[in-house]
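Protein chains: 2
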Amino acid sequence: MRQHQTIPIVGGTGALGFGLALRLAKAGRPVAIGSRDAGRAEEAAGRVRDQVPGAQATGLENAEAATRGPIVFLAVPFRAQSENLTNLKGALSEGQVLVDTTVPLAAAVSGKATRLLGVPQGSAAQQAQEMVPDGVTVVSALHTVSAASLSKLDTQLDEDVLVAGDSKDAKGRVAELISLIDGLRAVDAGKLETARLIEGLTPLLISVNIRHKAHAGVKLTGLPEDLWP
Amino acid sequence: MRQHQTIPIVGGTGALGFGLALRLAKAGRPVAIGSRDAGRAEEAAGRVRDQVPGAQATGLENAEAATRGPIVFLAVPFRAQSENLTNLKGALSEGQVLVDTTVPLAAAVSGKATRLLGVPQGSAAQQAQEMVPDGVTVVSALHTVSAASLSKLDTQLDEDVLVAGDSKDAKGRVAELISLIDGLRAVDAGKLETARLIEGLTPLLISVNIRHKAHAGVKLTGLPEDLWP
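Just so you know, the sequences run in chain order A and B. 51 is the number that this note's numbering gives to position 46 of the first sequence; each next residue is one higher, with no gaps. 128 is the number that this note's numbering gives to position 123 of the second sequence; each next residue is one higher, with no gaps.
Among the hints, erroneous ones may be present.
Stated by the list, open to error - Straight-line Cα separation of at most 25 Å, DMTMM-like style, residue types lysine to aspartate or glutamate; simulated pairs: (1) B/117 <-> A/181; (2) B/157 <-> A/181; (3) B/218 <-> A/135; (4) B/196 <-> B/159; (5) A/224 <-> B/198; (6) A/117 <-> B/42; (7) B/224 <-> A/181; (8) B/196 <-> B/181; (9) A/94 <-> A/171; (10) B/31 <-> B/88.
No wet-lab data here; the hints were simulated from the structure. From a predicted model like this one, the values you see are computed outputs, not experimental measurements.
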């Protein structure tokens, strides 16, 4: 456990990114909230410090935030994913892990949020892997946790996070971080290409939510107790 | 409740179809097991009667089985789906509901079971809807329940079945049948096109199962108690 290491969250002022920052800060981890605008990032960091007494949260411009720790979360809408990855090319460096949380909803191109776009590389995660600098490893995760639930600290979470990636070591480290959040269990879903299937869970849950007025999450049944070696 | 109505299962000698026949028979419903070969169908029906005292199970050739009740389950591998639907053209009739359970795994064309094929219509369920006679309504369901678990009556199920379809009435009737099976909850996942996303859950679970040596199922969290009106 590397408890002192800061966790950068690119797009940390968005709903998912902010919820993640809040929950990781609550778990005692320093977070670096990134935004296009450093002022908005610092404002969000202030809200984290207000809600979590003793939180170590700073707000920075995205590229600066991305240099602050070994595991960087990318929590931006799909329509901005490619632009953000271009902007991060000079910031990310060999050995870092990028956790891609983006979902190619058709809503990104004014279509429906219940439909998934076809991404030429296979998935948003694979697009990220294609765009990061050499030596940066992409792990795909956190597509199905409701940003609304994550952002409300009094909401008790109880669900799984499917994690995909080609590096077992990187997946294990990301799983460790996710498991710090009370009520989340990380499940190894396979190689990075599996992200194509996992990303499809988000429009599926949105479709279920529309019908049942809910914030549904996913839990897998029938798994053993110890999921990570 | 139409307790006397027979439930036809095309492909009822396969792992999923047989498990389904077993569980529905246990729930007190008459089942008509279909197979390419009437003899094999009758043999499977015999096994149902052996395991479920008092079961009303008959074995018939697929097309004959399909005429025996209003809601027909199609439980064949994807590589045989199109052929089966062609053979059922003269058997299915207006007003019937076809529950498509097929998943276009790449394994159907000697690829991996952790990968999903692209189906021109969008999904196996939409291919089914294109191929059934006019007036037959397709509902997509039962992609994520492990055939192995279903076939062992002493395995306690505890998972969800995502149901998709364009007819609310047909979905509701299928949900009612699925809910007869102890431990299964049917969840309305939206229109038939959502089947594309649901079918992706199967290769995803297979990928998880490979890693964790499990028979994983899916459960959605955060849903209200009453899912069907």
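Here is what the structure says about each hint:
no., hint, in the structure
1, B/117 <-> A/181, "violated (29 Å)"
2, B/157 <-> A/181, "violated (35 Å)"
3, B/218 <-> A/135, "violated (31 Å)"
4, B/196 <-> B/159, "violated (34 Å)"
5, A/224 <-> B/198, "holds (23 Å)"
6, A/117 <-> B/42, "violated (45 Å)"
7, B/224 <-> A/181, "holds (23 Å)"
8, B/196 <-> B/181, "holds (18 Å)"
9, A/94 <-> A/171, "holds (21 Å)"
10, B/31 <-> B/88, "violated (30 Å)"
Figure legend: structure checked against the earlier numbered hints; hints not met, in rising order: 1, 2, 3, 4, 6 and 10.
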